[in-house]
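**Student:** Line by line, the protein sequences are chains A and B.
Heads up, the first sequence is in this note's numbering, so the first residue is 1 and it goes up one at a time.
Heads up, the second sequence is in this note's numbering, so the first residue is 1 and it goes up one at a time.
No lab work stands behind these hints: they were computed from the structure.
A hint or two may mislead.
For chains that are exact copies, the list does not tell them apart, and a pair is met inside one copy or across any two.
[As the list claims (entries may be wrong)] With a Cα cut of at most 27 Å, we get these calculated DSS-like pairs of lysine-lysine:
id : residue 1 : residue 2
1  : K211      : K177
2  : K44       : K215
3  : K150      : K179
4  : K150      : K215
5  : K215      : K174
6  : K174      : K44
7  : K218      : K5
8  : K42       : K93
9  : K177      : K145
10 : K44       : K218
11 : K194      : K211
12 : K228      : K174
13 : K211      : K150
14 : K179      : K37
15 : K224      : K37
16 : K145      : K90
Source: prediction; values computed, not measured.
Number of protein chains: 2
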Amino acid sequence: MRRIKLILEYDGTGFHGWQFQPGLRTVQGVLVDALQKMTNEKIKLIAAGRTDAGVHALAQVAHFNTASTIPLDGFLNGLNSLLPDDLVVKDVKDVGQEFHAQRSAIGKRYLYRILNRALPSAIVRFRVWHIPTILDIYKMSEGCKYLIGKHDFSSFRASGSEIRGSVREIFEIKINKEKGDFINIIIFANGFLKQMARNIVGTLVEIGTSKYPPKYIKEILEAKDREKAGPTAPPYGLYLLEVVY
Amino acid sequence: MRRIKLILEYDGTGFHGWQFQPGLRTVQGVLVDALQKMTNEKIKLIAAGRTDAGVHALAQVAHFNTASTIPLDGFLNGLNSLLPDDLVVKDVKDVGQEFHAQRSAIGKRYLYRILNRALPSAIVRFRVWHIPTILDIYKMSEGCKYLIGKHDFSSFRASGSEIRGSVREIFEIKINKEKGDFINIIIFANGFLKQMARNIVGTLVEIGTSKYPPKYIKEILEAKDREKAGPTAPPYGLYLLEVVY
């Protein structure tokens, strides 16, 4: 049995997230259809992480098993000719059965993009969160210091999500301004709870507008209570940048 | 009578170009509707240049006359609340009757974006021309030298376009590579014939793939024959960056 690893880029706008849902257009659903058409097999496809509806990916990773003998570039070209324009397979590799897209991952890097100016943008409207209030990125960076390291991130997890441990380690958070009024927040962690990246961004924004002081992050973490943290940032500003193995 | 100048950003994807056409969604049509709703007047709106279907603008300029006493920020906020998300008014200014969005312009700057890598991109698919063949930007830059200056650009004008002089002056063309396999071509000229920017890009790409040597541009110009130049680059890679007055 072969195991194949895929690297995927997608525009989340037209998908109801990664996870298969009957009757809805999902990344997994569209990919599995194409894979089944190519292999004539029933395919089980597993991703590094299940991105939510509207979230983009520049390099999502997924794997599947197949008995097919189609060469790798046959998969690459065949899939890309079958797939819609908002989903591109960037790489196809043979891997060993010990590789698991989700369990083998040692870290994931997400990017969150904010457009911080008075007026919205027509061109990047499905690509950034537009915030008209001026954000203080020094305060936001100060707040990040409390997030780095191993913590119980219950306060940043979507309420109602299933319990499977809530301790994660954030290795790095970088915030920088980019020409054109963009603010980029890159979060690198060993794993993310449901909506954790978006809840962190929503909270950092409240620190950037001076609603809370940077050290309030410490209190939020200690409370282990979703109610303490800021709102969930919208999905269309979030990009899965990289999965590290 | 007041004359008002607008600066506009739009995503060309959902518009049949600038120019009003009955029954079609155009930038001019959508804007005039919003302006007439605000002023209760019949509005005549004139743009610096009529962008084609699919072409984007970061700073299109337009003007109109009105007897309305609505303050400038009332226009800015009112228009943006009436307009769809793919059309944003970035600035509103009172100008004198001597200002004319098209006739007063001394130059326009267009950007053309190419994604030059084997695989297309899901995220920027309506924003760049994807070219999988490797382009030699040194050859392309060499070819540009023949375009700079005052020339008869008949060979780069859409066939069948009305005659109104075909001499234009290109002040500058810059080609640069950007991280992520992008090639940016910026063309600054005193005016552009119909599809001139896209026909120049289509021709430069044929030089970049070594179909023609750079100096072939000279022959194309001298021939004054649209058949001599390369194909028309697709509209979705083109952005009106700036109008200079």
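**Student:** Each hint should be assessed against the structure and marked as holding or not.
**Tutor:** Hints, verified against the model:
no.: 1; hint: K211 to K177; in the structure: within (21 Å within a copy, 41 Å between copies)
no.: 2; hint: K44 to K215; in the structure: neither (45 Å within a copy, 55 Å between copies)
no.: 3; hint: K150 to K179; in the structure: neither (33 Å within a copy, 33 Å between copies)
no.: 4; hint: K150 to K215; in the structure: within (17 Å within a copy, 62 Å between copies)
no.: 5; hint: K215 to K174; in the structure: within (17 Å within a copy, 47 Å between copies)
no.: 6; hint: K174 to K44; in the structure: neither (35 Å within a copy, 49 Å between copies)
no.: 7; hint: K218 to K5; in the structure: neither (39 Å within a copy, 50 Å between copies)
no.: 8; hint: K42 to K93; in the structure: within (20 Å within a copy, 62 Å between copies)
no.: 9; hint: K177 to K145; in the structure: within (18 Å within a copy, 35 Å between copies)
no.: 10; hint: K44 to K218; in the structure: neither (41 Å within a copy, 58 Å between copies)
no.: 11; hint: K194 to K211; in the structure: within (24 Å within a copy, 52 Å between copies)
no.: 12; hint: K228 to K174; in the structure: within (23 Å within a copy, 51 Å between copies)
no.: 13; hint: K211 to K150; in the structure: within (26 Å within a copy, 57 Å between copies)
no.: 14; hint: K179 to K37; in the structure: neither (44 Å within a copy, 35 Å between copies)
no.: 15; hint: K224 to K37; in the structure: neither (46 Å within a copy, 51 Å between copies)
no.: 16; hint: K145 to K90; in the structure: neither (34 Å within a copy, 36 Å between copies)
In summary, the structure is inconsistent with hints 2, 3, 6, 7, 10, 14, 15 and 16 from the numbered list given earlier, while agreeing with the others.
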